[in-house]
Amino acid sequence: MSPRSSRIRNVFEPLDKSLIAELWQYRFGIPEQAFAGCKFFRKARSIWAISDVDLPHLSYETIGMRIMSCKDRPWKPTTSALQIFGRYAAKNLIHLNREEAMIFLEGGSQVVETDCEIGYVVVFYRGDVLGCGLYSYGMLVSQIPKERRMTSTAKSEACPV
Amino acid sequence: MADGKASHYLIDLDLYSVAYLGIGHENYKTFHSGNAVAFPGNVLNIDIVLFSDLYRGRSAHGRSICIVICQNIITVLCEDHKILFAISSLVIRLLNPFAPRSICSCKANLFLLGCLFPYMDCLDRYREIVPDYVAFRAIQCQPLYSSARINTLKIKKEKLLERLEEEGVLFQSFHWYPLGLKLDIESPGKLRENLLGYIHIQEELSMVPPLVLGPRPGESILDLCASPGSKTTQISQMMENRGLVIANEPSLARIAPLRSNCERLGVLNVAVTRYDGRNFPRGPFDRVLVDAPCSSEGRERRGPGVLSRSSTDRSLDLQVLQIGLLKNALRLTKPGGIVVYSTCTYAPEENELVVQAALGDAEEFRLEKVCIPGLLECPGITQWNGRELRDELSCTARYYPHINDTGGFYVAKIIKN
Chain W
0 MSPRSSRIRN VFEPLDKSLI AELWQYRFGI PEQAFAGCKF FRKARSIWAI
50 SDVDLPHLSY ETIGMRIMSC KDRPWKPTTS ALQIFGRYAA KNLIHLNREE
100 AMIFLEGGSQ VVETDCEIGY VVVFYRGDVL GCGLYSYGML VSQIPKERRM
150 TSTAKSEACP V
Chain D
0 MADGKASHYL IDLDLYSVAY LGIGHENYKT FHSGNAVAFP GNVLNIDIVL
50 FSDLYRGRSA HGRSICIVIC QNIITVLCED HKILFAISSL VIRLLNPFAP
100 RSICSCKANL FLLGCLFPYM DCLDRYREIV PDYVAFRAIQ CQPLYSSARI
150 NTLKIKKEKL LERLEEEGVL FQSFHWYPLG LKLDIESPGK LRENLLGYIH
200 IQEELSMVPP LVLGPRPGES ILDLCASPGS KTTQISQMME NRGLVIANEP
250 SLARIAPLRS NCERLGVLNV AVTRYDGRNF PRGPFDRVLV DAPCSSEGRE
300 RRGPGVLSRS STDRSLDLQV LQIGLLKNAL RLTKPGGIVV YSTCTYAPEE
350 NELVVQAALG DAEEFRLEKV CIPGLLECPG ITQWNGRELR DELSCTARYY
400 PHINDTGGFY VAKIIKN
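So the sequences go chain by chain: W and D. Here numbering that gives the first Met the number 0 is used: position 86 in the first sequence is 85, and no number is missing along the way. Here numbering that gives the first Met the number 0 is used: position 383 in the second sequence is 382, and no number is missing along the way.
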């Protein structure tokens with residue numbers, strides 16, 4: 000298939016705010032007010048949020064921040080979005096201690112005890128949102144993007160073969 | 000020269016090489032880069048030429064090399080007097096690709112020097128315009144400290160400083176910008192605060208253009224040459240995530256770091272486009288920032304080696320692009336809007352001459368004085384190579400590394416009436 004021109008590829012379709020807010024309310028208990036002053040767009044299988052302004056008619060590469068990926072089911076919030084909106088979360092959140100937070104920031108998986116539902120969760124450390132994690136059957140898998148992970152200094156010690 | 004007795008000459012391109020290498024120079028007549036140009040043409044037995052800028056690594060002191068030319072033998076020494084390599088045409092060709100291959104057949108050492116001179120000192124042509132030129136040359140060898148900007152979109156200043164203190168990171172606030180920090184740390188990019196987007200590693204002077212632009216919440220701003228997004232995100236931070244910033248970047252490869260920085264710093268009001276900045280189609284905008292691609296001579300302290308790539312020809316090439324960008328920026332601005340033009344180079348071809356050419360004779364634009372309290376700037380030049388430029392250009396600002404202990408920068412603020 001020949002690569003398509005960005006003029007055709009980059010089509011951002013406006014989305015209704017209540018639609019997005021409902022999803023976030025359902026999964027994380029984030030109220031719709033958290034998204035006040037935001038507009039939403041869909042491009043391919045991603046959803047983007049930008050401040051509420053009139054966009055001039057241009058061909059855009061990105062519009063604001065990519066907040067959700069709907070590539071897989073269920074939808075996945077991005078780490079960047081959770082770092083902004085995640086602090087309003089009322090459920091499906093995990094608080095980590097220092098050691099656990101380090102493992103999480105290095106991109107590792109670990110066993111945690113929590114009463115979260117299975118799926119994507121907001122991960123906190125000392126009141127700050129670290130990012131998005133995937134919780135399933137007692138394991139928390141870090142979803143931090145690779146370029147934003149901390150490089151482990153004592154990896155060989157931490158993971159004996 | 001004058002007494003005819005001292006037949007050994009030592010040319011030192013910055014005063015510090017002699018001291019650093021510990022060569023007793025009392026036996027030599029010394030020429031510094033300034034008077035090297037006026038070197039007597041009839042002297043053949045030049046013994047030592049010292050370079051400091053070339054091959055400088057990232058070590059704390061920089062790595063100096065010393066080229067010894069004695070009759071027909073040329074030897075290259077490094078700092079500890081070990082012979083790095085004895086000469087061949089290789090060195091000369093490294094220094095000057097246009098030197099003839101049959102260098103060994105050259106009889107006069109002076110000719111060799113002639114081959115070397117073009118690369119010796121591309122900063123030398125700024126001798127007339129830089130105040131305290133010797134200090135300016137000397138500081139090029141000192142590496143620049145790391146600096147960062149606090150991202151107030153994600154964290155409050157006090158809270159961040161507390162965190163840094165807790166982690167044992169040594170820092171110092173800029174005296175001219177409360178959100179700027181000097182960091183005393185090996186790799187600041189690996190700090191957790193950086194990965195979480197609480198700070199952004201950014202050169203000190205690169206924080207100046209957004210301050211001169213002065214965006215306000217709710218306005219529409221265009222950043223014509225955005226990647227990697229340091230200034231874009233600073234603008235967004237100043238607008239408190241309200242309004243709209245269009246970050247334009249033609250290169251697809253440079254979109255990724257721009258996006259990544261915007262997302263890491265929690266910026267919500269930036270839209271990225273990929274137009275050629277010279278033909279950006281739509282406006283108008285309240286303010287436009289043109290942080291033009293340049294020869295980056297002011298980055299020498301951060302990434303040594305920049306200087307060896309810069310030349311007048313390169314500056315003139317870039318000038319065409321820069322004029323195109325600035326002209327389009329002026330076109331895209333609303334009446335009463337502000338255009339800020341900035342580069343990180345000293346070359347007047349890329350600075351004052353660009354502003355002069357882009358403004359042309361149009362009456363509708365005027366230059367406003369650029370002044371950041373606490374940061375010493377030098378006025379833009381109004382004369383270059385015997386050519387008179389418009390007087391107004393003295394309102395623009397040149398920042399030199401030795402004056403504020405920073406990099407080098409040029410900023411012009413244009414207002415459309």
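If you're looking for bench data, these hints aren't it; they were derived computationally from the structure. All C-beta atoms in this analysis are idealised placements derived from N, C-alpha and C, irrespective of residue type, glycine included. There may be inaccurate statements among the hints.
As the list claims (entries may be wrong) - Among chain D residues calculated to face chain W with C-beta under 8 Å, some are:
{"id": "1", "residue": "K153"}
{"id": "2", "residue": "K156"}
{"id": "3", "residue": "I184"}
{"id": "4", "residue": "G188"}
{"id": "5", "residue": "K189"}
{"id": "6", "residue": "G196"}
{"id": "7", "residue": "L243"}
{"id": "8", "residue": "R258"}
{"id": "9", "residue": "L267"}
{"id": "10", "residue": "T272"}
Said to hold, decoys possible - Non-contacting residues of chain D with respect to chain W, defined by C-beta distances greater than 12 Å in every case (computed):
{"id": "11", "residue": "V168"}
{"id": "12", "residue": "L221"}
{"id": "13", "residue": "L375"}
**Asked** D/L375: least C-beta distance to chain W exceeds 12 Å?
**Response** holds, 36 Å
**Prompt:** Are D/I184 and chain W close enough, Cβ to Cβ, to be under 8 Å, as the hint says?
**Reply:** violated, 14 Å
**Request:** Could you check if D/R258 really has its C-beta closer than 8 Å to a C-beta on chain W?
**Result:** holds, 6 Å
**Asked** Are all beta-carbon distances from D/L221 to chain W longer than 12 Å?
**Response** Incorrect as stated: the minimum Cβ-Cβ distance to chain W is 10 Å, not above 12 Å.
**Item:** Agreement of hint D/K153 with chain W interface, Cβ distance less than 8 Å
**Value:** D/K153 check passes; min Cβ-Cβ to chain W is 7 Å, inside 8 Å.
**Message:** So, as I understand it, the hint says D/L243 touches chain W; can you test that by seeing if any CB pair is closer than 8 Å?
**Reply:** holds, 4 Å
**Message:** According to the definition I'm using, a residue is off the interface if its beta carbon is farther than 12 Å from all beta carbons of the partner; does D/V168 meet that for chain W?
**Reply:** For D/V168, whose nearest Cβ neighbour in chain W is about 15 Å away, the distance exceeds 12 Å, so it holds.
**Prompt:** Taking the closest Cβ pair, is D/G196 under 8 Å from chain W?
**Reply:** holds, 7 Å
**Message:** Less than 8 Å between beta-carbons is the criterion; does D/K156 satisfy it with respect to chain W?
**Reply:** Not OK, violated: D/K156 not within 8 Å of chain W, min 15 Å.
**Request:** Please verify that hint: D/K189, Cβ, nearest Cβ of chain W, below 8 Å or not.
**Result:** With a minimum Cβ separation of about 6 Å from chain W (threshold 8 Å), the hint on D/K189 holds.
**Per-residue hint verdict: D/G188, partner chain W, C-beta under 8 Å** = violated, 10 Å
**Request:** Would you settle whether the hint for D/T272 is holds or violated, based on the nearest Cβ-Cβ distance to chain W being less than 8 Å?
**Result:** Status holds, d = 5 Å.
Hint check: violations occur at hints 2, 3, 4, 12; the rest are consistent with the structure.
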